[in-house]
Amino acid sequence: MSVRRIMGTETEFGISVQGHPQANPMVASTRLVNAYASSTLRARRARWDFEEESPLRDARGFDLARDLADASQLTDEDLGLANVILTNGARLYVDHAHPEYSTPECTNPLDVVLWDKAGEQVALDASRFASVGAGADRTGDQGDLVLYKNNTDGKGASYGAHENYLLRRSTPFGDIVRHLTPFFVSRQVVCGAGRVGIGQDGRGEGFQLSQRADFFEVEVGLETTLKRPIINTRDEPHADPEKYRRLHVILGDANLAETSTYLKVGTTSLVLAMIEDRFLTEDLRVSRAVASLKAVSHDPTLTHELEVGDGRRMTAVQLQWEYFHAVQRHVAQKYAGDPDEATRDVLASWESVLTRLERDPMECARELDWVAKLRLLQQYRDRDGLAWSDAKLALIDLQYADLRPEKGLYHRLVRGGRIERLVTDEQVQRAMTEPPHDTRAYFRGQCLARYPDSIAAASWDSVIFDLPGHDSLQRVPTIDPMRGSRAHVGALLDDHDTALGLFEALTAG
Amino acid sequence: MAQEHKQPRKSHDEEEPADAAAPAEAVSERKEQLDEDIDAILEDIDDVLETNAEDFVKSFIQKGGQ
Chain B
130 MSVRRIMGTE TEFGISVQGH PQANPMVAST RLVNAYASST LRARRARWDF
180 EEESPLRDAR GFDLARDLAD ASQLTDEDLG LANVILTNGA RLYVDHAHPE
230 YSTPECTNPL DVVLWDKAGE QVALDASRFA SVGAGADRTG DQGDLVLYKN
280 NTDGKGASYG AHENYLLRRS TPFGDIVRHL TPFFVSRQVV CGAGRVGIGQ
330 DGRGEGFQLS QRADFFEVEV GLETTLKRPI INTRDEPHAD PEKYRRLHVI
380 LGDANLAETS TYLKVGTTSL VLAMIEDRFL TEDLRVSRAV ASLKAVSHDP
430 TLTHELEVGD GRRMTAVQLQ WEYFHAVQRH VAQKYAGDPD EATRDVLASW
480 ESVLTRLERD PMECARELDW VAKLRLLQQY RDRDGLAWSD AKLALIDLQY
530 ADLRPEKGLY HRLVRGGRIE RLVTDEQVQR AMTEPPHDTR AYFRGQCLAR
580 YPDSIAAASW DSVIFDLPGH DSLQRVPTID PMRGSRAHVG ALLDDHDTAL
630 GLFEALTAG
Chain Z
3 MAQEHKQPRK SHDEEEPADA AAPAEAVSER KEQLDEDIDA ILEDIDDVLE
53 TNAEDFVKSF IQKGGQ
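The listed protein sequences derive, respectively, from chains B and Z. So the first sequence is numbered by the numbering used here: it starts at 130 and just counts up by one. So the second sequence is numbered by the numbering used here: it starts at 3 and just counts up by one.
These are calculated hints, taken from the structure and not from any lab test. Mixed in with the good hints, there may be bad ones.
Calculated pairs, DSS-like style, for lysine-lysine (alpha carbon to alpha carbon, straight line, at most 30 Å) [claimed, not checked]:
hint: 1; chain 1: B; residue 1: 423; chain 2: Z; residue 2: 65
hint: 2; chain 1: B; residue 1: 521; chain 2: Z; residue 2: 65
hint: 3; chain 1: B; residue 1: 356; chain 2: Z; residue 2: 65
hint: 4; chain 1: B; residue 1: 284; chain 2: B; residue 2: 536
hint: 5; chain 1: B; residue 1: 284; chain 2: Z; residue 2: 65
hint: 6; chain 1: B; residue 1: 284; chain 2: Z; residue 2: 33
hint: 7; chain 1: Z; residue 1: 33; chain 2: B; residue 2: 423
hint: 8; chain 1: B; residue 1: 521; chain 2: Z; residue 2: 33
hint: 9; chain 1: B; residue 1: 521; chain 2: B; residue 2: 284
Since this is a predicted model, take the numbers as computed values, not measurements.
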């Protein structure tokens with residue numbers, strides 16, 4: 130395996146209604162998603178098909194009884210919440226009290242960056258459509274909507290930015306827990322988004338690497354909204370469950386810096402490849418993982434020492450080096466030193482970032498969210514003599530994540546040439562409507578783009594057609610994420626102007 | 003792309019021999035330039051920061067999610 134695998138991200142955006150701090154966020158989120166649908170869709174809106182969803186399936190091998198589940202865990206019941214399936218293969222919907230965007234299935238980290246960035250633009254457009262009232266549902270609170278790509282309000286609430294990785298089913302879950310937990314405890318030095326305030330309610334003074342670290346309470350578990358676990362055991366592969374499991378990672382921060390997202394998914398995918406191949410034998414277990422996760426986050430000097438394996442002590446950066454060198458050996462062994470370009474690039478970027486983090490973290494201010502944010506905060510502290518408790522610093526933390534280019538501080542830094550990019554605005558613009566070419570997202574997105582009147586519903590693993598001459602809806606399963614790519618169905622789609630023609634061709638064999 | 007950061011450092015290194023004649027002066031000049039640069043960033047950010055930080059931060063209240 131290389132860095133390539135089926136993967137994607139999900140982002141729950143913070144939402145505020147200007148001038149109405151008490152506004153109902155579920156109403157506001159619904160207004161936003163509906164505004165996007167009515168402003169962009171040319172025809173009927175396809176429903177989400179819930180048939181294959183099983184959020185209570187546990188990777189450890191049992192199902193949680195429905196009546197034991199918290200109501201917030203039941204995501205498969207169509208609550209009438211707004212939902213749009215986009216022609217880029219992504220999904221924009223309301224989850225709990227937040228608008229959420231899930232990228233289409235991608236095969237490599239740079240594509241994840243691109244379609245994750247496209248999601249920010251989709252969400253930004255949605256907030257504007259809802260604000261100007263172009264087709265917006267104005268029954269709720271009337272103010273303009275503003276979105277934040279962050280993970281906490283600094284008052285005790287947190288919302289997620291999840292990653293998904295498709296793994297071979299044969300990988301023992303115990304191996305994932307053992308080898309991935311130390312990696313997750315330490316990777317925040319690379320992909321933390323930075324946060325002002327310590328503790329869930331942010332009352333402690335100071336800066337920490339991660340938005341999410343303080344909200345994790347256990348090492349392994351099924352929950353995502355309470356008692357959050359470092360390793361989440363939700364097991365809905367949205368693919369053949371005999372062959373695959375999906376690793377649902379809930380630990381990460383929502384990143385704006387493209388290198389942060391790139392390394393977050395790229396390095397995690399490489400580590401998973403080692404685990405799948407049972408290559409990793411070193412004992413890198415970190416003692417007291419949950420407390421260590423927080424201790425690493427609370428130390429922006431990167432000097433905190435973890436207790437690893439049989440009593441070795443090392444910093445989080447040194448622990449990342451352990452993984453880096455193991456991945457390097459794994460790649461060398463598998464490819465005789467000649468890996469694919471995507472793998473090579475992630476390794477080079479990871480090595481460069483770790484080298485500089487070790488020398489002086491500020492050297493990464495052009496690439497990593499937490500460093501860019503900390504540098505800006507330090508500059509304000511130096512100029513204005515601000516204590517960490519000053520509200521202005523909390524404001525800078527919040528406004529860094531504002532999606533509006535004219536107000537968001539991340540965007541201001543990019544515009545000033547102070548943060549590096551990996552993709553162009555033109556690429557992002559295209560990715561808002563076009564799916565990746567090399568996964569089933571291509572089939573889903575293209576069906577929605579070409580035959581909008583004939584698609585009744587869709588989901589990760591199906592497209593449901595409403596066809597003339599058929600009394601019932603016709604479900605086309607897309608159970609293999611690698612099929613339905615342009616190479617696979619591109620010519621077939623080009624040959625058929627109507628959904629009926631396509632469907633007949635698909636079912637003829 | 004991960005290597006781009008090295009550009010500015012490289013050009014600094016190349017300047018080094020010319021600076022050697024008056025190192026103290028060159029360092030202070032560079033520091034001044036750096037300070038001006040930081041001032042420019044902060045002024046740009048000052049322009050867009052919400053005016054009442056305390057109220058703004060207080061009113062940013064979210065419901066928990068996943």
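Verification of the hints:
no., hint, in the structure
1, B/423 / Z/65, "holds, 22 Å"
2, B/521 / Z/65, "holds, 23 Å"
3, B/356 / Z/65, "holds, 16 Å"
4, B/284 / B/536, "holds, 22 Å"
5, B/284 / Z/65, "holds, 10 Å"
6, B/284 / Z/33, "violated, 39 Å"
7, Z/33 / B/423, "violated, 36 Å"
8, B/521 / Z/33, "holds, 26 Å"
9, B/521 / B/284, "holds, 16 Å"
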